[in-house]
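Undergrad: Chain by chain, the residues:
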Amino acid sequence: MKHNVYIYILVMAAVIYLIRLLPVTVIRKKITNKTLKSFLYYVPYVTLAVMTFPDIINATSYGWSGALALVIGAVLAYFNLGLFGVAVSSCLVVFISELIMKYLF
Amino acid sequence: MKDNFKVFKKGMLDGIPISLGYFAVAFALGIEAKQAGLTAFEALLLAGTTNASAGGYAAFRIIGEGGSYILMAITQLVVNIRYLLMSAALSQKFAPKTSVFHRALVAFDITDEIFGISIAQSGYLNPFYNYGAMLVSIPGWAFGAFFGVIMGNVLPESVVTALSVALYGMFLAIIIPPARKDKIIGFLVVISMALSFVFEKLTFLGETVQSFKVIILTVLISLAAAIFFPKEDEENEA
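Order-wise, the sequence lines are chains A and B. Take 88 as the starting number for the first sequence in the working numbering and just add one per residue. Take 2 as the starting number for the second sequence in the working numbering and just add one per residue.
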């Protein structure tokens, strides 16, 4: 059976949009339950941390260049370099360190 | 009104590194899309309407293998279930009177990154901030996939690899400054990274369980934190 690419896209987009749409539109009030409130407060930091490591070292050609980007990125973020600065610095760390690795060793 | 415009511009500015990172990720996705037999336009449409990386990879595999529409729906539900949590967290970041219209528009682009920068805003979230970020970052996704299909192997791999780290750099810029101010968040960030590392080593869990890593760890760690370190009531901690 031949499937239509546009129907695939429609199905995918609809499912993803519903997941994103429902909680934010249904939960309109401030949650007062302390545990639930605390849970939702911690979710962003935990989820972003889980996604960052070890994925950052899996994303690069050598694990250590990703690790270096993680350490330098974390230090720069600690000193409030900001989103753009930290993002670009991390890229440069990987690009330069892998270039050195390639041509020097 | 003037305020909304200022916030919109800030969103656009913060959207630039996201857009760059998206371009790189979507470019790599585009290469997959081509292998699955999609045209550049189809890849652009898929990427632009879904803005999901893991979801994209899964989708191209299903399309390439001619899987059923049901399989597509279930797979996308599973792969993207973390957005359900992010959407719930974001519901508390809006002023309660924010209209459904604004919430529905912002919901379209609750990605890991846009969610991250939204949470990092002080006070209630102004939807115009998200509109600015969306305007800049969605084309990054869409055209990244487009160019991935038509010129997959032109960009040197070293550049694509380097760009792919942009998103992780952004995550650091979002989680580290609050971790510096709040010891509990700092502790949670370290624990989360450590457990994420350990979890990946538990290969006996199998691929299916591994694919749920983000949501499993997020729920367990955040729940433990909520029980052991309940957030003290403040007026505008949101």
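Worth double-checking, as some hints may not be accurate.
Not everything, but these chain A residues come out facing chain B in the computed CB check (under 10 Å) [stated by the list, open to error]: (1) V111; (2) T112; (3) D142; (4) A146; (5) W151; (6) A161; (7) Y165; (8) L191.
On the chain A side, residues computed to face chain B include the following (Cβ under 7 Å) [claimed, not checked]: (9) L108; (10) A156; (11) S184.
Listed next, the in silico BS3-like pairs over lysine-lysine satisfying Cα-Cα at most 30 Å (straight line) [what the hints assert, rightly or not]: (12) K202/B / K121/A; (13) K202/B / K214/B; (14) K117/A / K7/B; (15) K202/B / K116/A; (16) K117/A / K202/B; (17) K98/B / K214/B; (18) K121/A / K98/B; (19) K35/B / K124/A; (20) K121/A / K10/B; (21) K182/B / K116/A; (22) K116/A / K232/B.
Hints listed in this document are in silico derivations from the structure and should not be mistaken for laboratory results. C-beta atoms are modelled at their ideal positions from N, C-alpha and C, and glycine is treated no differently.
Undergrad: Determine for every hint whether it applies to the structure shown.
TA: Verification of the supplied hints:
1. The interface hint given for V111/A is met, as the beta carbon of that residue sits about 4 Å from the closest beta carbon of chain B, less than 10 Å.
2. Among the interface hints, the one on T112/A holds; its C-beta lies about 5 Å from the nearest C-beta in chain B, closer than the 10 Å criterion.
3. Contact between D142/A and chain B, as hinted, is supported at the beta carbon level, the nearest pair being about 7 Å apart and thus within 10 Å.
4. Hint on A146/A holds. Least Cβ distance to chain B is approximately 5 Å, under the 10 Å limit.
5. Annotation: interface hint on W151/A violated; nearest CB of chain B at approximately 13 Å, more than 10 Å.
6. Evaluation of the A161/A hint against chain B yields a held restraint, the C-beta minimum of about 5 Å falling below 10 Å.
7. This hint holds: Y165/A has a C-beta 5 Å from the nearest C-beta of chain B, less than the 10 Å allowed.
8. Annotation: L191/A was flagged as interfacial toward chain B, and the flag is violated, the nearest CB pair being 15 Å apart, outside 10 Å.
9. Using the Cβ-Cβ criterion of 7 Å, the hint placing L108/A at the interface with chain B is satisfied: the shortest such distance is roughly 4 Å.
10. The criterion of a C-beta within 7 Å of any C-beta in chain B is met by A156/A, whose closest approach is roughly 5 Å, and the hint holds.
11. A distance limit of 7 Å between C-beta atoms decides the matter here; for S184/A the minimum to chain B is near 10 Å, and the interface restraint is violated.
12. In summary, the hint linking K202/B to K121/A is not supported, as the alpha carbons are separated by about 34 Å, beyond the 30 Å threshold.
13. For the given pair, K202/B sits about 11 Å from K214/B by alpha-carbon distance, which is consistent with the 30 Å threshold.
14. Proposed proximity of K117/A and K7/B is supported: the alpha carbons are some 26 Å apart, at most 30 Å.
15. Pair hint K202/B plus K116/A does not hold up; C-alpha atoms about 40 Å apart against a cutoff of 30 Å.
16. As the CA atoms of K117/A and K202/B are separated by approximately 39 Å, the hinted pair breaks the 30 Å bound.
17. Taking the CA atoms of K98/B and K214/B, the gap is about 35 Å. The hint is violated against a cut of 30 Å.
18. Among the hinted pairs, K121/A with K98/B is consistent with the structure: their alpha-carbon atoms are about 21 Å apart, no more than 30 Å.
19. Pair hint K35/B plus K124/A does not hold up; C-alpha atoms about 44 Å apart against a cutoff of 30 Å.
20. Proximity of K121/A to K10/B is assessed by CA-CA distance (about 35 Å); at most 30 Å being required, the pair is judged violated.
21. For the suggested pair K182/B and K116/A, the alpha carbons sit about 28 Å apart, so the restraint of at most 30 Å is met.
22. The suggested pairing of K116/A with K232/B holds, with an alpha-carbon distance near 18 Å, which does not exceed 30 Å.
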